[in-house]
Amino acid sequence: MDERWQRPRGTQDILPDDAARVEYLRRLVSSVAQLYGYGRIETPVFEQTAVFVDGVGDGTDIVQHERYSFVDAGGVALTLRPEGTAAVARAYVENGLSAWPKPVRLYYWAPMFRRERPQKGRYRQHQQYGFELYGSPEPSADAEVLLVARRLLAGVGLVPQVLVNSLGCEVCRPGYRAALVAYFEKHGPDLCEDCQRRAAANPLRVLDCKQDRTIAQGAPDIADFWCVACRAHQDAVMALVADQGLSVVREPSLVRGLDYYYRTVFEVHDSSLGAQSTVLGGGRYDGLTARVGGAPVPAVGFAGGVERLLMAAGRRIPGEGVPRAYVAQVGPGREAWRVAELLRDAAIPTEVDLMARSLKAQMKEASRRAAVVVLAGGQEWEAGRVAVRGLRDGRESEVPLGGLADVVRTWLDEGQEGE
RNA sequence: GUGGAUGUAGCUCAGUUGGUUAGAGCGCCAGGUUGUGGCCCUGGAGGCCGGGGGUUCAAGUCCCCUCAUUCACCCCA
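Mapping to the numbering used here: the first sequence position 104 is 156, numbers consecutive.
No lab work stands behind these hints: they were computed from the structure. Hints may contain errors.
Claimed, not checked - Mimicking EDC-like on lysine to aspartate or glutamate, the simulated pairs with C-alpha atoms at most 20 Å apart in a straight line are:
(1) Lys238 - Asp273
(2) Lys172 - Asp70
(3) Lys412 - Asp445
(4) Lys412 - Glu432
(5) Lys172 - Asp113
(6) Lys416 - Glu434
(7) Lys238 - Asp260
(8) Lys172 - Asp322
(9) Lys154 - Glu168
(10) Lys416 - Asp458
(11) Lys172 - Asp65
(12) Lys412 - Glu448
(13) Lys172 - Glu118
(14) Lys416 - Glu448
(15) Lys154 - Glu190
Given the sequences, and given the hints that come with them, work out the whole structure.
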């Protein structure tokens, strides 16, 4: 295989069967969005680089190492969108949505690009759906977004175990950070290599270390540093979702790698995904709008990976499986075409032979691709009728052309119920 | 970016200590009464054995490089 014609690393071709599942998820997302009043927003696939560098934070991996950036012919620095939240924040500011009645509920479904090393559940181009709720600083906003996530996952048969934490605010986070840094300095030599680096760059991340949990476990807990407001906020969110029967567990080591998070953060994991076990993640990001040229606005939201949701849901979502009708041509002539168009007029998915196959071969093809076959042509045709046969149950009938669509439709519907 | 595993037909895989024309199952195509599927039978198409280099009389089998896939680290959806 000539390497020139291979798809770029970490990208994927989605063939009809999987594409049908993706389509199913897309519908699920949009129906849940509608249920809670979230309107779809679409933003460009690329943005000026500053949107992500300033919005997401230039200390994060996705802007530091994983950017697909280029300079266009006009000398403008552009970057393929690595995540949705910063882009939506930019659009919120640019289009003056701050003037809309609050809260403003938005959702998106779009391709994202990150130049990472691919593995299970991690691609250089992947799709994400996300929900963004702007304008409300209330715990109820955090809670609503969690309920949206639950309903979405329930739609594919998953009962989520949600992990939550609060990263505090500008009042209490500095104190915690200082305590953490002091703690890690004391244990400096015992930290793994990565963590020595992280301790300086972003100490909260060390909590997340998988090498050696013992040091992280002994670290100070942010819960002991929350200010009164942050504690009250966190407690209220927990209480609200618990009230709706959603089980959430506080995970002190949950931090998340994007700079814009503030107070609430949460994740949902699924064991079927291997190491990239995050199905969806999000949190509160009050003030993100200020990083992209607007006034600070409170906001919460989350994003999930389509490919990961697909993996977690597995066979629970249907692939390509539309039961179809197939019209076989008996003898020479083009009666099959006429009948096929007739069925399509009645909105019945129908196929006909394009391979100049024998009747026998057409039957074989029909049994593979369809649930009902219609035989057009020959003697019955002379009498104004066509033969219909159910390929699953073998039943057969001869009907006049005029009544064909109704018969085919009923047979297809009945076949559906049996599965 | 780091480490491990794997690349043979469309798919899943066999290919013995290097040794003639590289195999199977499934799938695909055709035929088994020029008007009827599924089962069965027969035949057929389809492989630069990922790519490049090397060792050898001889490489799908051994060595090096490279590309890709995959698992993990890192990070995250």
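Taking the numbered hints from earlier one at a time, note which ones the structure violates and give those numbers from smallest to largest.
6, 9 and 10
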